[in-house]
Amino acid sequence: MSNNHILKVDNVGIRFGGLKAVSGFNMELHQGELVGLIGPNGAGKTTSFNMLTGVYTPSEGEIIFEGKKVNGLPPFKVTRLGISRTFQNIRLFSEMSVLDNVKVAYHSQAKHTMISSILRLPSHFIGEKEMEEKSIEFLKIFNLDGDMHEKAKNLPYGKQRRLEIARALAAGPKLLLLDEPAAGMNPKETAELMSLIAFIREKFDLTILLIEHDMNLVMGICERIYVLDHGQLIAEGTPEEIRNNPKVIEAYLGEEVPAHA
Amino acid sequence: MLSVKDIDVYYGNIHALKGLSLDVNEGEIVTLIGANGAGKTTLLKTLSGLLKPKNGTIHYMNESIVGKQAQTIVKAGISHVPEGRRVFATMSVEENLELGAYSRKDKNGIEKDMAKVYETFPRLHERRKQLSGTLSGGEQQMLAMGRAIMAKPKLLLLDEPSMGLAPLMVQTIFRIVEEINKEGTTILLVEQNANMALSVANRAYVIETGRVTLSGTAKELQASDDIKMAYLGGHV
Amino acid sequence: GCGTDGGSGASGDTIKIGANLELSGNVASYGTSIYDGVKLAIKEINANGGVNGKKLEPIAVDNKSEASEATNGALKLTDQDNVLAIIGAATSGNTVAQVEVANNAETILISPSGTALNVTVNDKGELNPYAFRTTFIDPFQGTVAANFAINELGIKKAAVYQDNASDYAKGLADAFIETFEAAGGEIVADEAYVAKDTDFRSTLTRLKSASPEFIFIPGYYEEVGLIVKQAREMGIDVPLMGGDGWDSPTLVELAGAEALNNTFTTNAYSANDPDEKIQQFVKAFEKEYDKSPDGFNALGYDTVYLLADAIERAGEADAEKVRDALEQTKDFKLVTGTVTIDENHNPVKSATILEYKDGKQEFNSKVNP
Amino acid sequence: MEWFQQLVNGISLGSIYALIALGYTMVYGIIKLINFAHGEVFMVGSFIGFYSIVGFGLDFFTALILAMALCAIFGVLIERVAYRRLRSATRIAALITAIGVSFLIQYTFIRIRGAGPEAYPEVFTNRTFELFGAQISMKSVLILSVSIGLMVILQFIVHKTKIGKAMRAVSQDTETARLMGINVDNTISATFAIGSSLAGAAGVIFGLYYTKIDPLMGVIPGIKAFIAAVLGGIGIIPGAMVGGLLLGVVETAVSASGYSLWRDAAAFVILILILIFRPNGLFGKNAREKV
Amino acid sequence: MKNKLNKFWVFIVVAAVVYGVVQALISTGILNNYNTNTLILMAINIMLAVSLHLVIGITGQFSIGHAGFMAVGAYVSAIITVKLGLPFIVAIGIGGVVAMLAGLLVGIPTLRLRGDYLAIATLGFAEIIRIIFLNIDYVGGAAGMQVSKLTTWTFAFICMVITIAVVSNFTNSRHGRACLSVRENEVAADAMGINTTYYKVAAFAIGSLFAGVAGAIYSHNFYIIQPANFGFLKSFDILIFVVLGGLGSLSGAVISAILLTIVSTYLQAFPEMRMIFYSLVLIVVMLYRPQGLMGTREITDLLPTGKFRKGAAQGVK
Ligand SMILES: Nc1ncnc2c1ncn2[C@@H]1O[C@H](COP(=O)(O)OP(=O)(O)OP(=O)(O)O)[C@@H](O)[C@H]1O
Ligand SMILES: Nc1ncnc2c1ncn2[C@@H]1O[C@H](COP(=O)(O)OP(=O)(O)OP(=O)(O)O)[C@@H](O)[C@H]1O
Ligand SMILES: [Mg+2]
Ligand SMILES: [Mg+2]
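Residue numbers (this note's numbering), protein chains in the order written: chain A, 48 to 308; chain B, 5 to 240; chain C, 5 to 373; chain D, 8 to 298; chain E, 167 to 483.
You may find that some hints are simply not true.
Said to hold, decoys possible - Once the Cα atoms are required to be at most 27 Å apart in a straight line, the calculated DSSO-like pairs of lysine-lysine come out as:
#1 LYS39/D with LYS200/A
#2 LYS292/D with LYS133/B
#3 LYS72/B with LYS169/D
#4 LYS169/D with LYS109/B
#5 LYS111/B with LYS169/D
#6 LYS292/D with LYS111/B
#7 LYS167/D with LYS79/B
#8 LYS173/E with LYS198/A
#9 LYS156/B with LYS169/D
Treat the hints as calculated values from the structure; they're not laboratory data.
Next up, chain A with everything else stripped away, as it sits in the complex (with noise of 0.2 Å):
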């Protein structure tokens, strides 16, 4: 299981001026896994997706995917070697349309050029053709085709929080990062977000970052954890490991740990 990994941090940090947000930090996914990243508010969870993305650029350490250097490359790169990401706060194409966000996202699977675009050869009637058909497949699997020709913004938040997730799968990625994916919605439509996210896993054969602050979600389908407190890692361990670890308890869960799972 060591050598199938598909992610390695290794040693990785940064800071803001004074301040270092994550240290020290390594983390290895493999293959198909489901893991998630949780830790108090400021911990450095989403600073951390800011680097596996190439948002932010480590000022330590080494992020390898597939056996490639990432750390470095800007993010449109990154995200064509295969990872991409949904945000903590949502950044939908606001003033386009459904279709288009995840027409977006499908870009760099496509292969039409400009100039065929402008002088309208058949290449692009052929490109475009497929990536709608591509999109409208995507929009299908999160229940969202009803809503493809309204624009972004009107979707409720909800449906906005799933055409993230949507456009993220557009992009092609191996592995996906979701930031809080949850965040916002009531415990009826968290459920619905995790058997969701169960089923593109096995559907498009991903591997699953996610941070998330509801326990139920994170202990109810994640099969490992990462833990991260003031930047560094506290724990690391399947969630029964973590719910009793005493340190996790202390910096992030308190007591009253949620009964089931």
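Given chain A's structure and the hints, the job is docking chains B, C, D and E with the ligands onto it.
Same frame as chain A, now just chains B, C, D and E with the ligands:
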């Protein structure tokens, strides 16, 4: 203390609140639960004067506050902690708290309340010179609540104080909510985290697409199967 | 109609005169000044019974100080309004933008203040058959100034500080430098400024350290006023000289009477000239607009009279005949001098050299072309 | 010592830019509006000063106060009529409106009094003194001190007073500011009043220093003030001051080297270089969006 | 898909018809020189508006120095016909290409700036370009350069149609959507694999190309070009077309360019009130319709087919 009758609120053509009514009595914690987009935030914004209802009445301490400016309502004792915290990021913690007391003139009272806030939230005292934009989510939530307390409210409107917070922090926040209430502030609490909300509240309303569909004491609702299905995670 | 009938311009008992001027935009102050002069002249002429019994009817278009709008305006005046003649524009560039239109439509075009050679003669050296001007061409004043500096003031080392955005200033400067050097003088500094500027101190500091005995400053009064003032403040006491662009009562206000001592200008006329014609104009203008006229006012005013005189001599408002009459204008007395139109459609006027003394222009000498 | 004279020249030019930029950055910082009409308020202030000195025979300081007061009212009026409705619109719509307001003021003015220039009366006998061989005019010393004084006052108002805190709160989040009990409309009006009265003061002082005023005089200084404000960092008061001075010194340095025609180009090159290396201006916080 | 193919051809056919009708009116003398010239001016303004629309409306890059690229096209093409004596059509092409190169040169360093910082940098570059021409004696400096009139209605119209077709085809493709996504949320676009710098620069280059073409048509229509014609006020004029039409709406840009050209020419007859009226029009439109005349909609959205599509979408929902 607060009585809302049949209000309709619109965003352009969107009819967000449809003839909604509810009451809050002095000293209570009342919680509103409901799905995304049900209209909870809209209601709070209407109460604090950020939005104007098209029809209906809102009485606070037996006086109509419909059409009053936000600053007048704040002076009258209603203080609103907005969704998403909304601290003034490039101002220090202390300045944020001072702004909370913006409409007050009693210098001594302000100082006293400031001390009280720091007592309730020692973390804020520790960080009082830090720019609030660099605080962690939980700290920002504390600041937002502290800022509202600085207005010396009789009625505190809280919009999803647990959103995006770590479990430990959620517990802290709810503990503080109960403390504030014990010290005499009435609280109207909007929450997605219905479990938590119902466990601290006296009464609750359920809102769906702009209407109240259910109300009762927190105990009753916690026991209701419908509520369990819809809002407590489906574990009947 | 496309004006192929020779731009009749006369319908019934009026003669339509277009004014295509910079009434807004960058150089709005020049255009509006000219237009004030034009309006006054037309009012006077009409009050005196018009030209050949016909009233002059002005039709103005604003070219926003832009060439494209000037072309378009000229097309409107020729194609739509069928004017007999167009007065404008204030600057050479905006006039050049109308020349072809006027030629094609056989409509007279008179620029009151466009000094560049290519207003009346195109780049290939051919005469633009319908284009005229009321003001001097550039080289004459520059030559006069250079001769004056050398012969009257005994200057050996001169500096030039010119308005870079104006072809007028450039023309004067080139002629000055050429004449001055040919006569054995030395140009110790040649600097330029940008129109609409207000702070000239840094370049003046440079000029000062070149120690010239005389500075030639071709340009318009708006900047020149400030330059003179700032130069004196910086301790530059040498004689300063410029052309008719200096001519405005505002110059004295801007620079201050004291700073203007020891400065000279070439001009076709002086508002302080006791000459009856000039004083009449000054009085009429002050009565109408409650301010003293500047050079642009006078040129606008003169342009109308120049045109009216030609129409009168032509006997009818026919563009071709009026053009011929314009070409034959000889020793016609205007406010800005006594004019003869030469073979290149340029006015030949004698220049006067004026000296400022305590804020008053005083006659120094007269130079014939 | 020519360079010293040139440095003096540069600082006096720059302090005029700074003076206009102070008011500009104030308004700019709070409602994030590139208020092109600021240059026109400056122009109007200049004319108010002119007419009250020449027309009504007031003394300089009374004229200055009057211009500041009337400009404050004028600025508030512009905000009420033209900008208030656009608060929730895109910034670019507000920008176009500002350009419209700017044209409207210019050409209404031209319509009323013509486009020609007016010359400011000499209210002080201009004294100059010599320092290290450079001629320094008392007026430029006055302007520099006024600019620095105003900067200090503004900085105090914005950071230390209650209204200043309200202004900063409004600039970050109007809705939450209202929840604090802040009257947003009044706060914005106050900002416009202060910013516009500064523009008025700058107008009068400009007239005093440069003598010539005309209805289009606000255009170039308006743009220069915008540059100075951006150079220093949007909304940062000492930034506007430094930005203005820097701009003045750079422009003078270019002219002093004999490239006066390239002056504006060089100023822009410097500006662009600074922006490329410090994308938020000299004093701007690194406001990189937190993802 | 078929629908989109058709849309393109419908546009071409409509264009051909408009051209034919106007040409006939010109030949029969019903439209005089003045009217024709106004139409040419309109075509130029449309090109400028549409090219800037790509930069601001589609890609969201706040450029307020578009006149600079127009100046490059105007001067370069004028040099080619006047000084080198080459045909006009070559001049248009080279003028456009050189303007595009200028766009690349300006775009690459500045497009990493945002918002007002980008605005001031583009304004600065346009001024630099203008000052460069001001200081080159070869093109006449401040006095300007005389250019022979070679622009005809045909040249202007064809260039305009090409501009609209290219910008519209570009926009309605994955490349245009990439630009839109940059406008909407640059961070997210980047995270979705869009090379945001590339698309910003590409949009800027295409915008500059057509600004250059418009400049070439412009310089050969008004007999003379001077650096003063290309100052920031010109850039503002173009910006006003785009914003007034509705940011993000190509047809809005076209419509407002047409309307404002008409308003502006009509107001020539009221010289003293002209700018007052013009500014009032601007203010009133912005106050009562801050999203611009068309908002983000296209004219085709208002046609029956567009309505049908929207209706259908709502039906499913
Ligand atoms: N661009 C930045 N500049 C300065 N500090 C930053 C920046 N980005 C993040 N930080 C700081 O790094 C720390 C980690 O932030 P991060 O957003 O990663 O937390 P998180 O674990 O995602 O928290 P939450 O659960 O609240 O989302 C915080 O203290 C934050 O303020
Ligand atoms: N500014 C706005 N413009 C238009 N519609 C809005 C606006 N704000 C909210 N709405 C709509 O009004 C309805 C109620 O929204 P509201 O924000 O009050 O819901 P909520 O119950 O607070 O949901 P959440 O749990 O997501 O915070 C939703 O349909 C929403 O889309
Ligand atoms: Mg986070
Ligand atoms: Mg809400």
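Against the structure, the hints:
A C-alpha spacing of about 24 Å is found between LYS39/D and LYS200/A, which places the hinted pair at or below 27 Å, so the restraint holds. For the given pair, LYS292/D sits about 17 Å from LYS133/B by alpha-carbon distance, which is consistent with the 27 Å threshold. Of the pairs offered as hints, the one joining LYS72/B and LYS169/D holds, with about 23 Å between alpha carbons and a cut-off of 27 Å not exceeded. Between LYS169/D and LYS109/B the CA atoms are separated by roughly 11 Å; this keeps the pair inside 27 Å, and the hint holds.
Restraint check for LYS111/B and LYS169/D: the C-alpha separation of about 13 Å stays at or below 27 Å, so the hint holds. Taking the CA atoms of LYS292/D and LYS111/B, the gap is near 33 Å; set against the 27 Å cutoff, the hint is violated. Restraint check for LYS167/D and LYS79/B: satisfied, since their Cα atoms lie roughly 23 Å apart, inside the 27 Å limit. Proximity of LYS173/E to LYS198/A is assessed by CA-CA distance (about 22 Å); at most 27 Å being required, the pair is judged to hold.
This hinted pair checks out: LYS156/B and LYS169/D have alpha carbons roughly 18 Å apart, not beyond 27 Å.
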